[in-house]
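One letter stands for each residue in the lines below.
Number of protein chains: 2
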Amino acid sequence: MSDTATPPSTPVTAGLVIIGNEILSGRTKDANLQFLGEELNQLGIRLTEVRVVSDVPDAIIEAVNTLRARYTYVFTTGGIGPTHDDITSECVAKAFDLDFGPNPEAVKLLEAHYTARGDEFTPARQRMANTPVDAVLIDNPVSVAPGFQVENVFVLPGVPRIMQTMFAGMKHRLTGGRRMVSRTVSSLVPEGRAGGPLTELQARHPETEIGSYPLNDRPGANIVIRAEDPEKADAAALDVVQMLKDLGGEPVLQEPDGA
Amino acid sequence: MSDTATPPSTPVTAGLVIIGNEILSGRTKDANLQFLGEELNQLGIRLTEVRVVSDVPDAIIEAVNTLRARYTYVFTTGGIGPTHDDITSECVAKAFDLDFGPNPEAVKLLEAHYTARGDEFTPARQRMANTPVDAVLIDNPVSVAPGFQVENVFVLPGVPRIMQTMFAGMKHRLTGGRRMVSRTVSSLVPEGRAGGPLTELQARHPETEIGSYPLNDRPGANIVIRAEDPEKADAAALDVVQMLKDLGGEPVLQEPDGA
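Protein chains in written order, with numbering that gives the first Met the number 0: chain A, 0 to 258; chain B, 0 to 258.
I should point out that these hints are in silico values taken from the structure, not numbers from a laboratory.
It is possible that some hints are incorrect.
Note: identical chains are not told apart, hence a pair may lie in one copy or across any two.
Derived pair list, reagent style DSBU-like, types lysine-lysine, alpha-carbon separation capped at 30 angstroms [as the list claims (entries may be wrong)]:
| hint | residue 1 | residue 2 |
| --- | --- | --- |
| 1 | K231 | K28 |
| 2 | K170 | K28 |
| 3 | K28 | K93 |
Just chain A, same shape as in the assembly:
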């Protein structure tokens, strides 16, 4: 126990709602969960729950309302394009019981964009300018159609490339907590041998979270130690190394991540 250690901070958490039949049918592979999990962790925000729901208003509204009450921030991905199956924005308005209609700033942006291209600002494209009243827009430098924020809910597109750019442009709006650091110890000691001692080790390091993830191709595991305090993560990691050596293994402590 270090005298200089700061007390654990209040955890800052996030929920994610992934919207789209194409994800549930397996047609499209989601890439947004992993990206946001990692990015939020960098900001000291812990992605705690994800729901993947279909393009059905009640399903979207329920997920948004449950998660926004439960977590510091909520992100949605998908369903904000110009076609009839893009219903996320309207559902978020319903979730907050807010009026829904053309956002003057979004209308201006989109109209200017299509006019500059000599293209038509069609009714379908006009749909992309609809937001809950007083929503704060999220810039889209890739394809112009904005996302938006209502209170703690951030509405983002599903296309990973566009979502990632927009997230980069809005993440300064988020206030993170203390970042979790992690240490990884790899060895060929089977989980079935390490499991018992690891349970005791976890009990001796209550301010760390220890996970064991079996290797894909042979017996053995990556044991991952996560903690807010780097010193506590290091102490637990060294204990894991010793425990695996005692079991006859040759553990490798990977280069620290986020020290």
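Based on the hints, put chain B in the right spot on chain A.
Okay, now just chain B, sitting in the frame of chain A:
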């Protein structure tokens, strides 16, 4: 409307609970959602909701109980290994309010396996033989430790290779409905131009579900028509082709999937 068309069947649905901090932190990329979405669709079962939850008992119990009441079948992946962070089995027992302990058949299987290898049936390995009382085991031909079924809930491991083999061995227990077929029409017509006509087209084909998915690398979209009745899917697909031609596009109707 075809005279030979059968009426829509009662939909057979599924929920999926993906368990594990490593998925939420972005450390591990989930591969089970897409696999199960596709496999279930082949069986005429519609994956309707997915929840990704952390290794926290209340989170797992809540997700299992909500989804098992809501859908025909529920699958869980992850958290059934030998280490302290593998808590899924115990949580499923709690969700059903069932006693939890050594399953005689699982004990026999695992003990024989480790004995045959000259290896030890450690307390950690013994944990993998614990199930809710009277659970029906799911064979694991890869690494022996079984999954199990309680009522409509199927508990599977997180490692994709093992999960996939186990699913193949248990899917005969599932009774599917009528399978959804899909048709895909691709074109370079931007969604913002096709969106208006497509809304009307969807209204004219109420027994189909039409989704529009923008291309990743240039304007245009894949328009996907899903329906139980192949004739209805075909009729809508031909209308989509005509609509895109009317907009000056050169649509391509992909080879039918699941005709």
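query: What are the numbers of the hints the structure violates, in ascending order?
result: none
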